[in-house]
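Enquirer: So you can see what is in the structure, the chains are spelled out below.
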Amino acid sequence: MQLIIENLNKTYSNGVQALKNVSLTINQGMFGLLGPNGAGKSSLMRTIATLQEADSGSIQLGGIDVLTQKEEVRKTLGYLPQEFGVYPRVNAITLLDHLAVLKGVADKKQRKEVVEALLHKTNLWAAREKNLGGYSGGMKQRFGIAQALLANPKLIIVDEPTAGLDPAERNRFLNLLSELGENTIVILSTHIVDDVKELCTDMAIINKGEVLYKGSPLDAIDEVQGKVWSKRIAKAELDEYRKNFNIISERLIAGMPEIHIFHEGQPGGFTSVPADLEDVYFTNIFKSNRPIAEVTA
Amino acid sequence: MFKEIFKFELQYRKKRAATYIYFGIIFLMCFLAVTTDVVRIGGAVGQVKQNSPMVITQMSLIVSVFMCLISSAVMGVAVLRDFEHNTEAILFSTPMKKFDYLLGRFLGSFVILVFIGCGIWIAFFLGDFMWWRDKEKLLPANLWNYLHPFFVFVVPNLFFSGAVLFMSGTLSRKSIVIYTQGILLLVLYIASQNMLRTLDQKTIAAMIDPFGLRAFNLETQYWTPSEKNTMLVPLQGYVLYNRLLFVGLGIVALVVTYFGFSFNVVRNSLIRRKAAPDDARYIKPDNVRIPVVTQVIDLKTNVQQLIKLSWFYCVSVAKEIPFIGIIISGLLLLFLNALNMNELYGTSSYPTTYSVVSLISGSFNLFFLIVAVFYTGELVWKERSVRINLIIDTMPIPDFISLIAKFIGLIIIYVGLIFLLIVCGVFIQISYGYYNFEFPIYFGSLYSETFAFLILYSLLSIFIQVMVNSKFIGYAVSVLFFIVVGVLGEVGLEHALFQFGSGTLDTFSDMNSYGHFVAPFSWFQVYWLGFTALLFGMAVVFSSRGSESDMAMRWKSGKLRLNRQLITYLLAFGVVFISSGFYIFYNTNVLNEYRSKKQSQKVQADYEKTLKKFKFLPQPKIVESNLKIDIYPENRDFVAEGYFYLKNKSNGSIKDIHIQYNSNKQNIIDYLKFDRKATIREHFDEFEYYIYELEEPLKAGDSVKMSFKQSFITKGFVEKGSNKSIIFNGTFFNNQYFPSIGYNEGFELGDDDDRKKNDLKEKERMMERDDPRGLAMSLFGDDADHIRFQMTIGTAIDQIAIAPGYLQKEWKENGRSYYEYKMDAPMCNFYSIVSAKYAVKRDKWNDVNLEIYYHPGHEYNLDKMMDGMKDALSYYSRNFDPYQYRQVRIMEFPRYSTFAQSFANTIPFSEGIGFIAKIDDPEKDIDYVYYVTAHEVAHQWWGHQVMEAGVKGNAMLSESMSQYSALMVMKHKFPPEIIERYLKYELDRYLAGRSTEQKKEQPLQFVESQGYIHYRKASLVFFALQDYIGEDSVNAAFRRHLANWKFKDAPYPTSADLLKEIKRVTPDSLQYIIHDMFETITLFENKTTEAVFEEKGKDEFEVTLKISSEKMRADSTGMETLIPVNDWIDIGVYGKDEKGKDKLIYLKKHRITEKEHTYTIVVKEKPRKAGIDPLHKLIDRHSDDNTKSLVKKSDPT
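Top to bottom, those sequences are chains G and H.
All letters in the first sequence, in the order written, are residues 1 to 297 by our numbering.
All letters in the second sequence, in the order written, are residues 1 to 1197 by our numbering.
I should point out that these hints are in silico values taken from the structure, not numbers from a laboratory.
Check the hints yourself; a few may be wrong.
[Stated by the list, open to error] Taking lysine to any residue pairs in the SDA-like style, the calculated list, with each CA pair at most 25 Å apart, reads:
1. H:Lys761 to H:Ser226
2. G:Lys140 to H:Phe312
3. H:Lys715 to H:Lys761
4. G:Lys112 to H:Lys715
5. G:Lys109 to H:Phe312
6. H:Lys609 to H:Glu693
7. H:Lys844 to H:Glu810
8. H:Lys319 to G:Gln60
9. H:Lys1164 to H:Asn1126
10. G:Lys140 to H:Lys761
11. G:Lys154 to H:Pro291
12. H:Lys559 to G:Leu218
[Stated by the list, open to error] Derived contacts from chain H toward chain G, CB cut-off under 7 Å, selection only:
13. Val485
14. Ser544
15. Ser549
16. Met551
17. Met553
For glycine and all other residues, C-beta sits at the position ideal for the given N, C-alpha and C.
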């Protein structure tokens, strides 16, 4: 089964164009959707999850037209929104059972089994009788994934699942995602490059509604390998370098800026650094941002 | 620091659109209320000007009550805002003082609230300058009249509600608490309003009404129209105490806020949410395998989902604290109201099931409405408010399931609540010791009328919430909807088909059960159900699923939902809606005649314009009525056939006979003919008015026989005002249904405003007392003097039919019962036809047969009625003259009307005013059954032996004389305390009545159909009269009056004739009281200012009283002028009897000639209390300050 997105466009009523001619083909396995805040990731995810309409374009899932046959999509969908809440005065086991009914798990025994398994799986078993209102952020997020996994979905969409989790929680969460079966399409949107690096076989970078890159993370790294250079400079020099080079990232190390630039040949005073996915990400974002930067300058 | 915070708050609010929107709403509402009929808030009646201080104050007050909703929005969020926007951590870590922060926020918001409140007086003030206002109904605008109520009522109200809501918002840090608080305020308000109904609790109600409306009403309850036009309510008495109390409570709320509030960011609420333990670190979930489940998505699953969701929503509402709060408040109100059910003169009725049902709907329906509007909103927004909507929206359930489940969830709530209410109803009945629980009535009423109303409003509210797509605007739109529906009537769409939720079961009667109201009620419910179900279908299409909520996107995804089932659903209910609408229209407008208010007023006006010229045309009079009437109760039809004899009593001959058919369109005249040749010379079909021309004129003294047949046929149902006289069981109608002679003034428009709109001049209510044309006709009209009477009635086999006269024959034929009645002496032309399934109780007083025809089961008060009849007959025949008939019959009729009425030897008596009265304690309860019976029996003398002229003052002869007669019968039967209590009610009702007089208050001798005068004031006046001149003297005057006028034809007597007799028996020294009581409107202001006593020796006490006494004359608008006091007034001293109750130990009339006076009285027992006019014989607007408790004189040393 494949998810094929073709020329998807979406402009909100406030004039913001969230998606511009987005075309993607997503296969089974983990797919990373990388982009900064406001890039259009959530818009794309919600459109696939039948939660909003597109202006034009199409989405096909297997033989299903996602934009019109919403009912069919929902049967095989597991969705974890970027932000969500829960009924505060209901406990985990009750709400999960309630959601399982809505998912169409009609058989009571099966429902009990799957609910219990998921609570174990997400480490919520001990807290199953507690009201969800008392859950910590990480627990709530795990509950979110538990509900997304009800009824063996074929398409799982998780929107920024690791935002706000502490490192240990993030690890456990990613482990859980990686375990999901091979017969499933899992779309993971994130602005954290490491999430994609560690999990995904396939990815796309998206900014301002446009797909900047699609392919595997390894191929992506290959593309920029040997073109990324690094230098530690004085703070005062920063503006000078910004003018002259394509700076893809700046960071402070012990109070001194270290810049990475994208450059075809070796510029003076720079040392070569092995490219990683982050450089790919920033290179793409940088490129797509530049025209606007020039206009505004 | 305080200054900065205060200024910041003002600046912040200044920039908020909400501030101006609230101001705009208040301004617009008030402006429309004074300048148009679209919005109604209180308002002026009769002689009270539209911008009189009274009206402005009342309207300001009502608006200020509603402002507590705005107050909650403005004040509640002043601090809550920081928590909702998560700025509290930043703010509270600054070195700002708690006092400055809270006071700054409070005062800043309060200033804004007062600004919004200014919309009230600005709108009222500007509104009075609008050119389209009727200048005659306005006073010259005086700004102070607008500002005074603003400062006395509006600002304190805003302060109180603001402080309380500020407190709850600040301390709870939850917006939901603020809304609950608003509802609680509302409940307090309604409760205090309800408690005001009985006399004794008025002062408590005045104190506990947080908005001061009740205090205001109490202070102004007896204000006359002229006072209403000129006076502002003074800031004293209950108004002052009430204002102080609630401003004080407001300050207390602020103090509580100060001490209760803490700058801690972490919530320290009372119910702390327990954090769940997270032991994720110790478990390795890697080895857990997620089992494969089968997903079944079919109809069966959908049903399962629907059930599960419905229950889920139902439980989630039932667990809401505010919901439980609303329900408890409602039940509280119900039980409060149950304390004094169906009171009349402070006496309760039996808690029959139908009265408990109406108690329940009366108390609880508002709460049902709140629940329906509020919780549909909550449920529609349930997922979105906790932000779980995106998860739920991706569940593979059909679009309609969620909305339907929400609806069903509410329905389960309603079913449960109604059941709870029934349990409460039974409990109320049990606590009254009444065990006849009629569950079919409980279920039949509550699960039909109330339930239907809940279904309709819930569906409507779901539709509004979905379409508006904003919870709070949704609430606002729902409220707006009620207003708009009201406006529809104003712009001419007043037909019930346009009035959302129209159609009621009307009044339940034990006799007639649900009567003929069931069919129209059901059809209207089907119609509205069709309508709301259509709306619900649209709501399904447009309901927001997913993250986008603008209309275009919802339509885009909505179109996909328009599958075959949904279209079928919409079509099906469309058909239901339209076809039931047509069926209703066919019934109301085709089978029956429908007239809008305007149309029917126009017909009335045209009638007057076209035909008034015939009013005084000499016409023959009816001298005999002989009819055969066939009643078909099951069809609500009757057929009348027979003849009248008409006699020319004028001096000339009469050629034209004017016949007015009954204008009811259900009446069809089959034929009408004379025993000589006659043709219709002119006809006014629109008014059913026909002029017959006799070929040979009717000579003076000659008679003509007029035969006719008419059919009254009920077809289908009408839009409103269905006929409640000819019914399945308990038919009661009178001769007004039959053709009458000449122009009927009763059809004219009475209200001066309506007359003006229809280009008619203002009209006197009655003819002057000396108008010879009035003297020539009796109170029963100019159709006849006395008539010979005979009537045969056929009715259903299981019913008994009764008319005046004596039963001659009774037989059954063709499965029907027939009764033939004949009166053996001339009687007045006013007769009733009654038919119902009756049980009969018989008794005898001397030779007079006493019969009560009653509904089986209504035996409670039959003995009291019998006693009433006997005592009345015996008192009247002893003191006036013998009873003219050999029979008195009382017949029960359904409670659609609540009166009793005397016809010749028959008294139809409403089910609602005596048959279920509960008189437990003869020491305490006023036995109004006995009293009404005595009053009606008195009419056999006053009205039937002596008919009075149809001129001003006429009711003083029949009604007031009957009132006096009944009062005397009561006086000899009951202890004086009961009579005193009764008179206190009469005083209250007189004073309240004159304060709402529409045209002009008349002295008793000129009373013109003013019940508060000819009943209420007359009781007081005649009781005082017999106290002053003696019962025997009054009776002697009555006796003489009777002797002069008994059984006489025209001319008829007037109040002047009775007064002449009364003056004859009144000593010269007291002649002035006749002038005070009958010829003028005289009031007193008697007061005891100081009361002390001194023990002079054994069994000798000296009482010293300082008394103030003023006497006033009022004109027809209630404008008073002081006149010198020179009156005999009671001075009384009370001691205690063995039981510890008050006992009069001294009562004597003293001549009082000065305003201030000191009296010294020596009594032999220890005095407790003393004062002037202690028994309230004189009319005094402040009757509670007449007496004062005595204190022991302190030694001068």
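Enquirer: Take the hints in turn and mark each one as holding or not.
Expert: Right, here's what the structure says about each hint:
no.: 1; hint: H:Lys761 to H:Ser226; result: holds, 23 Å
no.: 2; hint: G:Lys140 to H:Phe312; result: holds, 21 Å
no.: 3; hint: H:Lys715 to H:Lys761; result: violated, 37 Å
no.: 4; hint: G:Lys112 to H:Lys715; result: violated, 63 Å
no.: 5; hint: G:Lys109 to H:Phe312; result: holds, 20 Å
no.: 6; hint: H:Lys609 to H:Glu693; result: holds, 22 Å
no.: 7; hint: H:Lys844 to H:Glu810; result: holds, 21 Å
no.: 8; hint: H:Lys319 to G:Gln60; result: violated, 43 Å
no.: 9; hint: H:Lys1164 to H:Asn1126; result: violated, 29 Å
no.: 10; hint: G:Lys140 to H:Lys761; result: violated, 78 Å
no.: 11; hint: G:Lys154 to H:Pro291; result: holds, 14 Å
no.: 12; hint: H:Lys559 to G:Leu218; result: violated, 44 Å
no.: 13; hint: Val485; result: violated, 32 Å
no.: 14; hint: Ser544; result: violated, 10 Å
no.: 15; hint: Ser549; result: violated, 10 Å
no.: 16; hint: Met551; result: violated, 10 Å
no.: 17; hint: Met553; result: holds, 5 Å
Violation of the numbered hints given earlier is confined to hints 3, 4, 8, 9, 10, 12, 13, 14, 15, 16; the remaining hints are satisfied by the structure.
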